[in-house]
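Asks: Top to bottom, those sequences are chains Z, C, F and L.
Counting in the numbering used here, the first sequence runs from 881 upward without gaps.
Counting in the numbering used here, the second sequence runs from 881 upward without gaps.
Counting in the numbering used here, the third sequence runs from 881 upward without gaps.
Counting in the numbering used here, the fourth sequence runs from 881 upward without gaps.
For the record, the hints were derived by calculation from the structure and aren't laboratory data.
Where is the CB? At the ideal position from N, CA and C, for every residue including glycine.
A few of these clues could be false.
[Unchecked claim] Just so you have them, the derived chain L footprint on chain C, three or more residues with Cβ under 8 Å: (1) 1005-1015; (2) 1164-1170.
[What the hints assert, rightly or not] Pulled a few chain F residues facing chain Z out of the computed Cβ check, cut under 7 Å: (3) 920; (4) 1060; (5) 1061; (6) 1069.
There are 4 protein chains.
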Amino acid sequence: MIKIGIVGGTGYTGVELLRILATHPQAQLTAITSRKEDGLPVAEMYPSLRGRVDLAFCSPDKAKLTECDVVFFATPHGVAMAQAPELLAAGVKVIDLAADFRLQDVAQFEKWYGIPHSCTEILKEAVYGLPELNREAIKSARVIGNPGCYPTTMQLGFAPLLKAGIVDAANLIADCKSGVSGAGRKAEIGFLFSESSDSFKAYGVSGHRHTPETVEQLQHISADKVGLMFTPHLVPMIRGMHSTLYARLTAEISNEALQSLFEDAYKDEPFVDVMPFGSHPETRSTRGSNMLRLALHRPAGSNTVVVLVVQDNLVKGSSGQAVQCMNIMFGLDETTGLMHVPVMP
Amino acid sequence: MIKIGIVGGTGYTGVELLRILATHPQAQLTAITSRKEDGLPVAEMYPSLRGRVDLAFCSPDKAKLTECDVVFFATPHGVAMAQAPELLAAGVKVIDLAADFRLQDVAQFEKWYGIPHSCTEILKEAVYGLPELNREAIKSARVIGNPGCYPTTMQLGFAPLLKAGIVDAANLIADCKSGVSGAGRKAEIGFLFSESSDSFKAYGVSGHRHTPETVEQLQHISADKVGLMFTPHLVPMIRGMHSTLYARLTAEISNEALQSLFEDAYKDEPFVDVMPFGSHPETRSTRGSNMLRLALHRPAGSNTVVVLVVQDNLVKGSSGQAVQCMNIMFGLDETTGLMHVPVMP
Amino acid sequence: MIKIGIVGGTGYTGVELLRILATHPQAQLTAITSRKEDGLPVAEMYPSLRGRVDLAFCSPDKAKLTECDVVFFATPHGVAMAQAPELLAAGVKVIDLAADFRLQDVAQFEKWYGIPHSCTEILKEAVYGLPELNREAIKSARVIGNPGCYPTTMQLGFAPLLKAGIVDAANLIADCKSGVSGAGRKAEIGFLFSESSDSFKAYGVSGHRHTPETVEQLQHISADKVGLMFTPHLVPMIRGMHSTLYARLTAEISNEALQSLFEDAYKDEPFVDVMPFGSHPETRSTRGSNMLRLALHRPAGSNTVVVLVVQDNLVKGSSGQAVQCMNIMFGLDETTGLMHVPVMP
Amino acid sequence: MIKIGIVGGTGYTGVELLRILATHPQAQLTAITSRKEDGLPVAEMYPSLRGRVDLAFCSPDKAKLTECDVVFFATPHGVAMAQAPELLAAGVKVIDLAADFRLQDVAQFEKWYGIPHSCTEILKEAVYGLPELNREAIKSARVIGNPGCYPTTMQLGFAPLLKAGIVDAANLIADCKSGVSGAGRKAEIGFLFSESSDSFKAYGVSGHRHTPETVEQLQHISADKVGLMFTPHLVPMIRGMHSTLYARLTAEISNEALQSLFEDAYKDEPFVDVMPFGSHPETRSTRGSNMLRLALHRPAGSNTVVVLVVQDNLVKGSSGQAVQCMNIMFGLDETTGLMHVPVMP
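Bound-form chain Z, shown alone (with noise of 0.2 Å):
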């Protein structure tokens, strides 16, 4: 069994994190904290959990998160570099749902985060856990930066493309919508019920932090300059995420050898499904599951090549990706614990 530490389980990547590990074989959950509600039991703040999750929320303090062997922060950025060296010296592995470790640059973290990065040792060996473009890095990591949401869905989406040099690096366009969990558990008034349901908007249209990390991970792929334009937006769904993938070809390719690309590529993935030539996933078909669903269109005349691609940002995007890494670092099966099927309707 891995004794498991969470640090920061109120909010919904450590909820996800709490409601995948509580079914995982190989998972016993030892400690989780947070300051504000030391000594409360898991299960009162979140009811869906009574009967499966017995721990208690526990102060960071108290907390031996040393005796564990896998440490995850479900926390905002700048915590986990600050307790990663102590974690690490005491032979913890550390697996870090937020930003901290996820982009090489520090100058970009820096610019984009707004704080000074306090570990840069630790960063250079710390491993981005992406496993279907970063598998035998993770397997031997200690320190993983867990990807953000977006850019999951954009390099898995891009990515087949970028190694076969076959479109316009510097022109990618990713038009991508979230739903509303995405942004949170915080009490903010832009995500109320009454302000973002029955409405759709953009925002970070000048600007998101998604994009160093996504053209970082990218860069390494492609022989070609990469230039991303992201457009992220909000949708009125409580789950889900879908990215919308515009890339121009730059050379003759039939709709055939480009569906058998994305085929070849995703084999051997569990996680990864490539549907038919012009179908239209939809972010439910994923929902409550490690799955991320993609398909290509080729609208007729263009040499633009569409790529859709959903999943739930809360599980692939998050915390379901965050535990396929924790497998494959402990050498168990990659889908230990991670075979939900999604819930439709």
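Model the placement of chains C, F and L on the given structure of chain Z, informed by the hints.
Replies: The following block gives chains C, F and L in isolation, referenced to the frame of chain Z:
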């Protein structure tokens, strides 16, 4: 392994059976019938099942249902009773998710469902599939009438009060609210997103089919004559059911004693959660799971007890309960394949 | 033109007043106060008002409220009673959308609202602003306590029955459901989209502030002692309120006579629509309008009458009703500026 | 008073015409046809209109449409062109909310709509009813092809850029999102609440009817050949449309100059609101109103301009625009009856 047939797998209770049975360790999905969709892979209609359910729909005449161990009917009323005799003769157990085997009072059945009952002999041996109130009979049943969604909440909410004989049984009120999936997967204008979203209404206030079923069952456990005013409402949510039950106390009883009454009644039940007195259960705390949660209130100074009951109408209110019955009928642990943690948020 | 001041224009009842008054032919918006947003153009906070409302928020100390003809308080409880004396002294009429002037029973006010009442002299002359039951008093009022949203539906639904003396007044039950905007525009986690969407729950079941207000008013029209069990619920919709009212009949009366009772009671009311007996009103049929609709049911064989009442909680349930009162107080046609056709779908 | 006929009043564009015209001071609703609902009072189908619209549906053969001044067709494609000749001959003006008179290119019409065009002579004189780009022609038109909802946003968003000749016209991208009411009031499973709520998807990505219409119109104002990649998506909201438009700049231009370009283009337009540069318009800021709002962005370091456009798809995207055309055709102030303040929240 239990060989399983599903008649009418294209509706919501059908696809929910598939979701549950796809990860049930003792279930072997053997046949799924649909008159219209013969030959269509199930996962094409329901992409959420891609990679998880490999069966195709099969027209009823070709499906080898008599080779199954159990057949679920996720069909409109009237179908199960037409096919049950042949299946039972072949030694196959039958679980009907519709109403054919719920009401022992044939006259009531025919009045409310508008069709004659074609196999009243089999009806006599049919068992009402509410495990918490009827477990022993389910163990040896060959035919199960799976309870309606509303009746499940009303019975489990009123039962301890009626058994104890401490309420005015003749004047029970159940003000119930259901998510839209309860209306099924039928192309009707009233259930379009644009018609039922961002709105709320009652329906069937002057009379609803679930009243006679509930009264018939509650009468078994009440010494006094049961009278029930049942008012269903439609909530703009997909899944979830919330019943607000009112019963006037006829005896002096403390709130603590009331609470104990319920806790004792359900202390060994894996799927009934008696929350602390005064709680307000939310439907989402059961989403995708077989849990039913309830909580008691007694507004200050009143002699009325209010029972709040929530469940997922497609799980404990339908397909999950049917699988719970199957587990009992086949001697399995009752929770087998049913321990989904609710999906929250 | 009526010069109008609004104190606390940043919440939902405030912006709804603005929406209504922006097209009211006799209204001259003169001052809108907000302590926090001094100087901010109203239309920057609410882009829906761009080009329609040119005012900026103004801090309370700078606003020349005493130069207005009427001041609306769209504020938390306690604000209106602090400022009313000065305004009244200056000849300004006051309409409070909060609770300061609703309850004549000061002890009840202080019990339920947890603050002392600071101007009980003014309270004595305050008029409860429910035009359908209190029109004459409103005409000459200087101070209006605008009814709560739930109480409006409960009073208009129960009043004809109580006036006729044909129901058991001591055992009324009101099972009420409200859209989330009723909770106001406050940054609270419980009203986030991800918390309140796709779910349903009751709240305040053990006791809610709207009970004493409703009982106090209903008692005026009932010869018998009024007892009310009121259970509020939260519906995942923005606007709309649905009350399901239960009253036991104590007299023989036909359904036709019941229907006539209501039709007669409201035959001259422009904002109360008595629908045909047995109808199921939907909240959306009132969206954005000042209409309240109701319909009667008597489930077969029962002696209980069920009244279904719907309204838009922000209009007839709050700001629209306040403007209706203003029209009456200033001798205008009662429907002036209030004839919005409901937005459907 | 203008005598008005509506053919096909049972769908969403029909009932929205009724909502708008019910308070239009110059409109006299004269006839509403429905083959199926002959004799049914409109307000029985749409209780939101109780007390506001007294007409009953009338079968097409009985309706005296030739006595009207103008007839709106809120019907499926193909109906208007069948009836227009007789109406025009009788001196009645025709406004078609469907596609019969939108496309001058008959071959394109027949390709995309799958029916032959039966009155190409009338088509030649038909005017495309987008007032902001085509006002003069509308003034004297006898037949209006009212624009599609998506095309309205795409044209008003791209037009200033194309007129100025500063973008790569051949590679425009429009990533558009619509509320579900855009699909109409048809009993189709895909638009059930349980299917389209809490989910998001694209549709028609490989080709959609609104592309040729938009290209044909944009070509009139672009010196360069127009090429458009249009991707529609379905948002779980009732009303509202959000288009995210991408155009690559081919000339040096400052953000200030871009903003001025749009402000100048629309400075006299009552229904187009150019928001400050960098704004994120929300669809709800237009709910129930005829306003279209847009805002410009240029993500840092890029040569791509992003135009965000929102409208209510049933108002400016359909019925409101049709009434705007009617006002122009009959010499009324263009805003008559169209000054609804958006309903927010």
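Asks: All the hints need checking, so say for each whether the structure fits it.
Replies: Quick rundown of the hints versus the structure:
1. For the segment 1005-1015 of chain C, the proposed coverage by chain L is not satisfied: 0 residues have a C-beta within less than 8 Å of a C-beta in that chain, short of the threshold of three.
2. Counting residues of the segment 1164-1170 of chain C whose beta carbon lies closer than 8 Å to any beta carbon of chain L gives 0, which falls short of the minimum of three for the stated coverage.
3. With its C-beta approaching chain Z no nearer than about 14 Å, residue 920 of chain F sits outside the 7 Å limit, and its interface hint is violated.
4. With its C-beta approaching chain Z no nearer than about 4 Å, residue 1060 of chain F sits inside the 7 Å limit, and its interface hint holds.
5. For the restraint placing residue 1061 of chain F at the interface with chain Z, the shortest Cβ-Cβ distance is roughly 5 Å, inside the 7 Å limit, so the hint holds.
6. For residue 1069 of chain F, the shortest C-beta to C-beta distance to chain Z is roughly 5 Å, which falls under 7 Å, so the interface hint holds.
Of the numbered hints given earlier, the model fails hints 1, 2 and 3; all others are met.
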